[in-house]
Amino acid sequence: MIHSLFLISNAGDLFLEKHWKSVISRSVCDYFFEAREKAVEPDNVPPVIRTPHHYLINIYREKIFFKLMFLFSKLGVCFIVDVLYRMCADYFGECSETTIKDNVVIVYELLEEMLDNGFPLATESNILKELIRPPTILRSMVNTITGSSNVGETLPTGQLSTIPWRRAGVKYTNNEAYFDVVEEIDAILDKSGTTVFAEIQGVIDACVKLSGMPDLTLSFMNPRLLDDVSFHPCVRYKRWESERVIAFIPPDGNFQLMSYHISAQNLVAIPVYVKQNISFFETGSSGRLDITVGPKQTMGKTLECLVVTVHMPKVVLSANLSATQGTYNYDPVTKILVWDIGKLNPQKLPNLKGSLSLQSGAPKPEENPSLNIDLKIQQLAISGLKVNRLDVYGEKYKPFKGVKYVTKAGKFQVRT
Amino acid sequence: MAFEEVCPDRIDLIHKNYRKLCNLLIDVEEWGQVVIINMLTRYARTQFLNPNINESLLEDSSEKAFYASDDEEDEDKKTEAAALAKRKPYVMDPDHRLLLRNTKPLLQSRNAAVVMAVAQLYFHLAPKAEVGIIAKALVRLMRSHSEVQYVVLQNVATMTIKRRGMFEPYLKSFYIRSTDPTQIKILKLEVLTNLANETNISTILREFQTYIKSMDKDFVAASIQAIGRCATNIGEVRDTCLNGLVQLLSNRDELVVAESVVVIKKLLQMQPEQHSDIIKHMAKLIDNIQVPMARASILWLIGEYCEHVPKIAPDVLRKMAKTFTNEEDIVKLQIINLAAKLYLTNSKQTKLLTQYVLNLAKYDQNYDIRDRARFIRQLIVPTDKSGALSKYAKKLFLALKPAPVLESPFKDRDHFQLGSLSHLLNAKAGGYQELPDWPESAPDPSVRNVEVIRLLERVTTLTSIPDWSKCTSRKDRKEKKVDKPFYSDSEGESGPTESADSESDSGSGSESASASDESGSGSESEESGEETESEDEEEDEEKEKKRKKHLDKTKAKKPAEESAESEQSSGTEDRKRGRKAVKNQKSASESESESESSESEDESEEESEEESESDTDIRKKKTPVSKQPPKQSKKESKKEKQEMSLLDLDDFEPAPTSAPVTPVNFLSSSLVSDLEGLSLTDTILAPTTIAPSGLIKLYELLHRITGEGLAVEYCFSRQPFSPDPNMVAVQIQFTNNTNSETKNLHIKEPRLQSGMRIREFAEIEVLAAGESVTVVMGIDFCDSTQAANFQLCTHTRKFFASIQPPVGELMTPVFLTENDFKKEQGKLMGMNEISEKLTLGEKCVNEHVIVERVTATANLSRVPCGSDKECRFAGKTVSSGCLVLVTVATKEGGRAQLTVNCEKMVIGTMLVKDIMQALSQ
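Quick mapping for you: the protein sequence lines, in order, are chains L and E.
Just add 2 to wherever you are in the first sequence, counting from 1, and you've got the numbering used here.
555 is the number that the numbering used here gives to position 568 of the second sequence; each next residue is one higher, with no gaps.
Hints in this document: simulated from the structure, not taken from any laboratory.
Only a predicted model underlies this, so the values are computations on that prediction, with no experimental measurement involved.
Check the hints yourself; a few may be wrong.
With a cut-off of at most 30 Å between alpha-carbon atoms, the simulated DSSO-like pairs for lysine-lysine come out as follows [what the hints assert, rightly or not]:
#1 L:K193 with E:K204
#2 E:K204 with L:K277
#3 L:K398 with L:K350
#4 E:K123 with L:K193
Computed from the model, here is a short list of chain L residues facing chain E with C-beta under 10 Å [to be verified]:
#5 Y62
#6 D188
#7 Q203
#8 Y239
#9 S244
#10 H313
Residues of chain L clear of chain E, computed beta-carbon distances all greater than 12 Å [claimed, not checked]:
#11 F181
#12 A200
#13 E245
#14 A271
#15 C307
#16 K355
#17 S359
Every residue, glycine too, gets a C-beta built ideally from N, C-alpha and C.
Please put together the full structure from these sequences, using the hints given.
Dropping the structure here:
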């Protein structure tokens, strides 16, 4: 299946390669570089490149190209894309060129465990963590001195049990279970501020540190709200179907319990409005920009971490603006204007105003850039979803329980 | 995985494992799920009928009015016949349904690959009405990273062509953000275009209008093409689109203009008559537009429809002639073309111009243009030498050209399996396997039954069956022939069996035969409700055989454990006893003529029981051997399979018929408990339902009038409830008497006495009108006869229901020897002993009837007993496992004494009451 993996940095350096079957020459990557040349943005490199003998799959994450090649593909391409995605997200936490370079040994060990002869084997992060212990300063020191490795001696117990996601014999002195309900608003607003499209994507992240084998049941006040859900494998689907409760034996530590989707448009409250006026003059190669942001339906909470990002047209050379609140920054290379507002003060609406200077002689851009908005509302799930209660069965102790709600802007775009 | 790599074409290997795979699917780890789903997709395509066959037929012939074809005599008879044959109502194979039902929860998986696999399975296999459910999941995947998005969108694009309605509610999810990568934008555009129809076109066009302003020029070009496609597909908006596109012509960006010109050209070609003003407008544009493709398109348009713009066309040619030398090649070619066409229609005005253009072309640098000029000159300018062709020149140039059809590039992709790499590339990738077409008629569904008995004849006709099953069928047939004398004569049986035994004694050949016999013997327990009496008997006979063979086999496996001879003899005993049991069963249902024989075998029974116990021991030792991952080796899993299927057979046996059967039942239950350790078998065993035979009492849970057409009956199946041994298995039968389907049948809000527990059955998603379905649920009654109350919910209504068990159903049979029985009885004296005198009813003339009555009242097993005056029964309560011992001592004159020893006095008293009532009737 998966023959080899190459990691290529944004600059085009191939800094890691791994072969599961036979060694494939690096020259395969030339096809990729060719395609990379053609595509202006790294995003635009085609995900699948066909070469005479192999198929190259490119995945772009955090400025690294993960790239694999393989001969046969009987299973969907999704499959492979997914393996790589998990690898990034699950294990390293933060995954950048430097972290990989720093932990090159562990990365290799992980890759060796995750795929067996090119077929995915252990991809559950809890099991991987048991097999190969995550690095700590102390351990790496001990390892350097004693020459031992990070590979665990014992086979993880979970792998062969019926609940592979949880290891046996977990013990904590403080038993605690925290749940974060994080909702992201995906929306497209048009020029006049009306909603073209809006939906809510929510996830429930859990951090469960409970001893033994607890059987948890999480119930909602208003489960009917949820439109479409997907669960961690530990959740019993049947219970959800019949009772709308989430019953599960949790994995140990951090994991994503479920994700859901609310697409009914009338339910989606848009927390901000934006008044914008961006115009470019016919003559004089300059333009004007005026953006005001105000609160709309915030349910009495304050908006935090408000950031407005504008992808300017190529011809915009510089921006000379003044903000009543927050700071702005225009990067003339990437042509991105970022206005970091911070906390929104409803009494005094933040405003960004000023002029843009364009490349002289170039025709004025015929369209206005759209604005991307990022925001955060603490202690509010914008959909109104509420966790009712969490029950623990199977264990005697009383755990400490906590639920946190956060609303964020996902792909929130205002067209101009 | 190994299967996929090694022998993807050996569909026949899946047959036996199909149901197991379906049932286990949800518990398999994620990557395994993907492989299995893909495999099952291909399997299902070869094994089931196309569920959409009727609809596709209707679609095909909708134009021709299929139903009117009866009148049209000239209609092809053959196709009609075929169509009629197909029109008969499609009934989905239950296995097909099983697959769809079991994969559905996997749409909720967090793994995109699994979701994608299920989606493609549904797309390829599900009936049209059900495919819709995958849309939601796929839309969810679109939130994922751009690579996953890319793959999903590719697949969605293909699906939207075939099933547009599916994604229509999610139209807005495909709206494009300016931050999407270009390839995603273009794919989304594709999807939007495919989704466009009369109702949503206005919103889509409004969206497209915003896209046209985008910075991404490739994307703008694609948007314009999309508008063009919408316009061709939906007649109503053609004019609006055209107007919009014409407005774009005044756009400052050349690329946009050029693209719109090309699209307008295509659109105009469809109905040129009404749009001469647009052509005029475009003629004016030629002064400004520099993009060669657009210029060429305009020129072609003017040339083609020069009759509609008779004044402008020559003028355009004049302008072009002036600039001819500076034009690009394709424009030059079109100028020549225009000149030629004008010459033919309006030679008076344009003759000189044409000459001039052709002369210019004659000396062009490009040989193509030189050639073209020479060719056209010969064709249109009449000279003396001009051939016959010039007469047809006008026809050649001004022929009516068919309008181009704007098609989606995804049109032809659906023959690739969705989600595969080949589909993504639209080319066959190495190692790709074609998805097989639906079969014309379904192959025999019985191959998946893990049982051959009923379907022997048909099985042999299948070409692909492995050797062993052929062998089985032959052997079974032979046995069937032999069967007859078994029934006709009670004592005559010893002859043939002896010989069979000597055969199996003699060596390895028969051993392999018996093994093969077994492998074919599996059974799903669902059937036999409607079977004829004789078939029942046959089956039982078979079962006995199987059991015996099984014993033989286990013994053969462990020759060191016990000596072979004694084993064999015990096997014989066992079998003999079994056969007697069969006979008794028969006699119970037919007549009581064979009571002597059942008595006569009592002596032999005692020792045989011991033997069989040792057998179970052996089996216990054996089970760990098979407790290995099922895929490790084919053989191993097959062995396991056999064991399970054997069990099913045993379970199926209607237990409470007569006393000699109960030990058999016990044997099976102990086997079940043996196997309970195997996590694999649990799920298989859990849904064992038995066909309600006359001997099991049916109770009504919900009358069909109070249930508004939903009738619910239950009975105590007396099977061990494998998910929880402390529960009583209650078999519930739902019958839908309405004429609409009932959905989401499930149990809600059980109100139970403290300590009582309920293990609900899985929710029944749909119960079609007139159908009935049987499920098994477990209830732990805590050894009390308190009713279990709960609500029975359908998608519309709730009904209160309660199940109250008769005391006799709260126990399971226990096997005890006579000595054990006496020992236990000794422990339960005094308060725990309840004794009652009674007069036997008129019909209770012999021991056999007594046994029957008692076992019908309570789920007990008979304890072998030396004297024929006493009948002893033993059991234990299901929940707490307290022993229940019953003794019926008959005396002269139809009088009898009933003694019940039980630690739980309440149960004891109630049981005494029940048994007395049963016996004195």
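Quick rundown of the hints versus the structure:
no.: 1; hint: L:K193 with E:K204; result: 21 Å, holds
no.: 2; hint: E:K204 with L:K277; result: 27 Å, holds
no.: 3; hint: L:K398 with L:K350; result: 53 Å, violated
no.: 4; hint: E:K123 with L:K193; result: 29 Å, holds
no.: 5; hint: Y62; result: 7 Å, holds
no.: 6; hint: D188; result: 8 Å, holds
no.: 7; hint: Q203; result: 6 Å, holds
no.: 8; hint: Y239; result: 4 Å, holds
no.: 9; hint: S244; result: 5 Å, holds
no.: 10; hint: H313; result: 7 Å, holds
no.: 11; hint: F181; result: 17 Å, holds
no.: 12; hint: A200; result: 8 Å, violated
no.: 13; hint: E245; result: 8 Å, violated
no.: 14; hint: A271; result: 17 Å, holds
no.: 15; hint: C307; result: 19 Å, holds
no.: 16; hint: K355; result: 23 Å, holds
no.: 17; hint: S359; result: 19 Å, holds
Violated hints, listed in ascending order, are 3, 12, 13; each of the other numbered hints is respected by the structure.
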